[in-house]
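Combine both chains into one complex, guided by the hints.
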Amino acid sequence: MKILVLVKQVPTDLGAVKLNEDHTLDRTAAGVQLNPVDKNALEAAVQLTEQLGGEVTVLSMGPATVKATLKECVAVGAHRGVAITDEAFAGSDAWATARVLAAAVRHLGGFDLVLAGKQSFDGGTGEVPVMVAELLDLPQVTGVTALEGAADALVCTQVLDGGQAKVQVALPAVVTVDEYVNTPRYPSVKSKLAANKASFDQLTNAELAVPEVGLAASGTTILSATRPPARQPGARVEGDTPAQVAENLVAALVAAHVL
Amino acid sequence: MALIYTEEQTELIEMVREFVWKEIAPKIPECDRAGECPPDFFDSAFEMGLHMLEIPEEFGGGGLDFVTTAMVFEELGRVDGGYAQTLVSTFVALRNVILAGTPEQAKMFADLVAPGGLGAFVLTEANSGSDAASLRTTAIRDGDEYVLNGTKTWITNGGISKVYAVLAKTDPAAGTKGISCFIVEADRPGVSWGTHEDKMGLRTSNTCDVVFKDVRVPADHLVGAEGEGFSIAMRGLNFSRAFMATICVGIMQRALDEAVVYAKTRQQFGQPIIKFQLVQKLLADMAAQTEAARCLVHNTMRLMDAGHSVVKEGSITKMLVTDMLQDVTSKAVQVFGGNGYVKEYPVEKLMRDAKIYQIMEGTNEIQALVIGRALDKEYETSGGGR
Ligand SMILES: Cc1cc2nc3c(=O)[nH]c(=O)nc-3n(C[C@H](O)[C@H](O)[C@H](O)COP(=O)(O)OP(=O)(O)OC[C@H]3O[C@@H](n4cnc5c(N)ncnc54)[C@H](O)[C@@H]3O)c2cc1C
Ligand SMILES: Cc1cc2nc3c(=O)[nH]c(=O)nc-3n(C[C@H](O)[C@H](O)[C@H](O)COP(=O)(O)OP(=O)(O)OC[C@H]3O[C@@H](n4cnc5c(N)ncnc54)[C@H](O)[C@@H]3O)c2cc1C
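Residue numbers (the working numbering), protein chains in the order written: chain Z, 1 to 259; chain W, 1 to 386.
The shape of chain W in the complex, shown without the other chains (with noise of 0.2 Å):
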């Protein structure tokens, strides 16, 4: 085990490990074949606060830290991606509004949540994706009231949310400038949703179109100022991109817990094939890169939990244990053999799980953009350290 466990912590993860296994593991090979989860698939989550656990206490919250919250994701990870980024997506939505908007605003978002419901955050459109400031939705001020119109796609959550953190243009001819953040309630008239994408991998997390129809929200539903959104997204995301790294982190440790297991007990030759040492280095690697990747992202949610922004931090974190991600998960494919190919067998599910992480919440291509784009600015200030 890589990390430094406290007392504390180590209770909170085996009080949540054995409820994850015991009532959520059982059920997710029917969810990931039917590619969708029974309504009340989150109850538990919600009774426990598994929802809300980094959210401050007086917004209803666990009120725990960023390390802590990672530990216990690592464990909800190791059970089921798309389980666990239901409930990221939902405290990051919130913690959205938390970082941005007033307390007020953060109370408002929070009650809808705290008391058994789902957020999501709603950012990308067909036509913009890695071009965010593209996007076209629009919120126009009509006296105490803005006016949304546009169809979001992707959104995880979208179709089982009490509530979305959406972005859109107040100001339609300005780029980056002109976009804004509006907490829009579910139930609000005109907000309705596609169907449920029918993906490859992460079938347990709902995904889909979101559409604004003239939706009405009151004024006081816009979260910082105008013009403010797109900075509002980005702080979100560096923010997010750590955690969604800890859930990769509890898919590498299950594919890594599986081959062992497997290789322990598959005979060929007339001995285990962990006796093998090609068998060997291909689980030697998984154990490193699963590590390599725990410690990584312990760090930069120690930097989040110091109060630093981790612009370059959460992207270096997001590309590589993303990237070690499809690796690990393909070797445990290859461990099992033919047996790894099949649905019979957990692997294969994790290989697809794997694959999404390296897109969402921004490609790889887009967090080397960032990262690059950082140290661009860093060594003009800094000019190398010498």
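Same shape as in the complex, but just chain Z (with noise of 0.2 Å):
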């Protein structure tokens, strides 16, 4: 089976991210990961090519940063890594890179199920994939918690309100994962140690051709951006008995209105 994952490289540190004047992000002092729910995306993808057999790409748009969050993949599991790199595309909204990647899949070719994760840590939008299956016309299960695949179908477990729904989709199709699906495993010394001398094929909109990118093609426009307020910290209940600490506890709640 051949698979393609697409992983997004994420800020460690959201409260480290700055607000430009234009409402962009400047993420340079926040540090780089791996969106966490992507490492159960490419988990899932390495545990259902271990079964039956196939290959794991790993695909990334976004600056020349992304070939670690690449080599982080291979050092899991992941055979080969793409990286699509383009100053062009920068300030991309989800329409602008779902078009680009849906362009990058079409180009590389080939694969019989495209995962991703539900939603990113940062944008969090959870569309990209969507937007993904919807160009490229695939059959699509979103929010996916447990997975059983077969050569042709995967059989996909989703969690509703108040129960579980089971959906087998016909391949190829486009899957996004939740955290529960599985536990990610972790690189061996050598594993990682490989995944050093990996080398990664790269993309740009010069093999792509996508017509409109980047900040111009994106149909949001982001009107105003603020932090949420800082957490105000909490108050200290002292008093010299436990009793007298509980009345003043009391005392507080209900000055509060909470009792």
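You may find that some hints are simply not true.
25 Å max Cα-Cα, derived SDA-like pairs, lysine to any residue [stated by the list, open to error]: (1) 312(W) - 265(W); (2) 190(Z) - 115(W); (3) 190(Z) - 369(W); (4) 190(Z) - 213(W); (5) 213(W) - 190(W); (6) 22(W) - 136(Z); (7) 190(Z) - 190(W).
If the Cβ cut is set under 7 Å, some of the chain W residues that face chain Z in the computed set are [said to hold, decoys possible]: (8) 48; (9) 62; (10) 65.
Please keep in mind that the hints were generated in silico from the structure rather than gathered at the bench.
These figures come from a predicted structure and were not determined experimentally.
Glycine residues also receive a C-beta, built at the ideal position from the N, C-alpha and C atoms.
In structure tokens:
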């Protein structure tokens, strides 16, 4: 089974992300990591190829630093990594991102399954894989909590309000997973060292030829962006005896209209 | 930070750090209390290959040099000495077989631990500790086999290993020259073990008697020639002492980390206690000893990577680092005051764990003897370099 996994590089520390004047984000101070739930998507892909044979390719659009993320993926079982890096893609919103990713999936070709995370740790729209599926005219199942694979179909479990659904989907398809689908493995020392030697293919818009890209192709316009208010420190309830502490606590709860 | 790390080393250390703090550290207090670890406790370490880091790739290991392996084990020691010791004892036993045995024997041992198993180095007996040559376990040749009889004591990983490197007398009448080394699989008929020792510290490391009663092993399990066992064991100990010291550096770093953080938060006389110069002196000594220990271990590892046998240097490292470890962990308790003395805080465990390192792998008195003997020999030939 040939599987493509979409992986996004996200900041490790959202608090260190700066808001630019034009409402874009300055991530330079934040450090980077592989989007946590994308680890689950990759683990699902590696497990499927361990059962059924095949190959896992990871694909990421982002700045030159995405190579570090691809390396991390190779250390836990991806066979191949492709970076989509082009200045022209800067400022892409979900739709602009999805168009580039869909073009890359078509360009690379021949995948039985596209796996992705349910949503990113930073943008968090959960829209990108959905749009990729539509652009490629493929069936999709989102937010999957369990996966059983066969050569030509997958059985996916989704959690619904008050129950579960099992959905069978014919391949090729796009499937997004949530963090309950599996426990990602740690890299072994050997695989980690081997990943240091891995080289990655790179795609730019020269190969993909997406007509409108980046900020210009982004239909959404961010009108304003603000940080959530800083959390207020908690209040300490004190007293000389346990009974007094309890009394003071009740008084504080009454004053705050909790009781 | 006293050492210069390559990008590869930094990444490896970070990977191991993330794993060990997330997966292992939370379970340590309960294992320390119980004095044992759950059976699957080392599975993730096996998957990552931590029990075979420095073993060549041809035997299924990570193929790392000693310097890098030591850096990783300092990280493991920072979280728990016993956890790190369990893994070190495994590759030390295997390394003995690699150093002294044939490639087939190394493979025999490695194949048992590579997929997920522990190993042990089996020398000490109740009446043969520092005086290792006086051991009484016998291995008597019988056709194509040897038959082992005897009781070993204080064996790290004794009750949880898949395979042992065992020292026994093939010629009970001879002294050191009568000792030979054998590979013995733990599932051979006649192998049994005693109860896990209820220790003061290092309680996450399994220690017990291993008993051999008419245990038959094929003759190809003899490592090296008959009579070479004692020199094999001594060579193995030279090698393993520096690795124990790297675990000690990890424990020292942990003691320092805990003490500084505590001193910055604990208030007395209206200010954090780190503002008192006498507390600063405690911390400064701890930092100086930790950094000096790290440099010493690092240099010994470099000598080992360059192929030196480190007879003297391994003993110097073990003696000095384990002595400093006592001081550093005791000072950490001092910085914590009364809180340092109770199990609710992490530093009393460090002090308990520290003590064993002055005893095992040859007591520090024995290290002094080794260093003294090496000096005697060295100056006989060099005459002091004048
Ligand atoms: C302040 C601010 C607000 C924003 N608000 C919006 C908004 O409201 N609407 C909007 O469209 N955009 C918005 N954006 C832009 C948004 O960050 C990007 O559009 C982002 O690419 C959208 O994806 P996401 O992070 O939501 O991914 P999601 O759709 O949440 O990601 C789901 C999965 O898709 C895959 N994936 C996502 N991105 C990539 C990638 N680059 N490469 C490979 N795989 C990927 C991963 O598997 C991921 O787990 C905003 C940006 C800023 C700075
Ligand atoms: C937790 C633990 C794990 C261990 N793991 C292993 C293992 O994996 N494999 C293994 O084979 N063994 C192992 N040992 C055994 C360990 O190596 C011995 O305990 C150690 O060598 C000391 O021997 P002993 O306990 O018999 O002490 P003794 O030899 O009885 O020593 C008692 C005291 O006398 C001193 N002394 C003895 N001889 C001299 C001398 N000539 N000059 C000056 N002072 C001397 C010693 O320094 C010590 O202070 C372990 C021990 C412990 C406690």
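Structure-based check of each hint:
1. With a CA separation close to 43 Å, the supplied pair residue 312(W) and residue 265(W) exceeds the 25 Å bound.
2. Between residue 190(Z) and residue 115(W), the direct Cα distance comes to roughly 14 Å. Compliance with the 25 Å bound is thereby established for this hinted pair.
3. Restraint check for residue 190(Z) and residue 369(W): not satisfied, since their Cα atoms lie roughly 40 Å apart, outside the 25 Å limit.
4. Taking the CA atoms of residue 190(Z) and residue 213(W), the gap is near 39 Å; set against the 25 Å cutoff, the hint is violated.
5. Pair hint residue 213(W) plus residue 190(W) holds up; C-alpha atoms about 5 Å apart against a cutoff of 25 Å.
6. With a CA separation close to 40 Å, the supplied pair residue 22(W) and residue 136(Z) exceeds the 25 Å bound.
7. About 37 Å separates the Cα atoms of residue 190(Z) and residue 190(W), which puts this hinted pair outside 25 Å; it is violated.
8. Restraint check, residue 48(W) versus chain Z: the minimum CB separation of about 5 Å is within 7 Å; hint holds.
9. For the restraint placing residue 62(W) at the interface with chain Z, the shortest Cβ-Cβ distance is roughly 4 Å, inside the 7 Å limit, so the hint holds.
10. With 7 Å as the threshold, the beta carbon of residue 65(W) stays out of range of chain Z, its nearest partner Cβ sitting at about 12 Å, so the hint is violated.
Hints 1, 3, 4, 6, 7, 10 from the list above are not met by this structure, while the remaining hints are.
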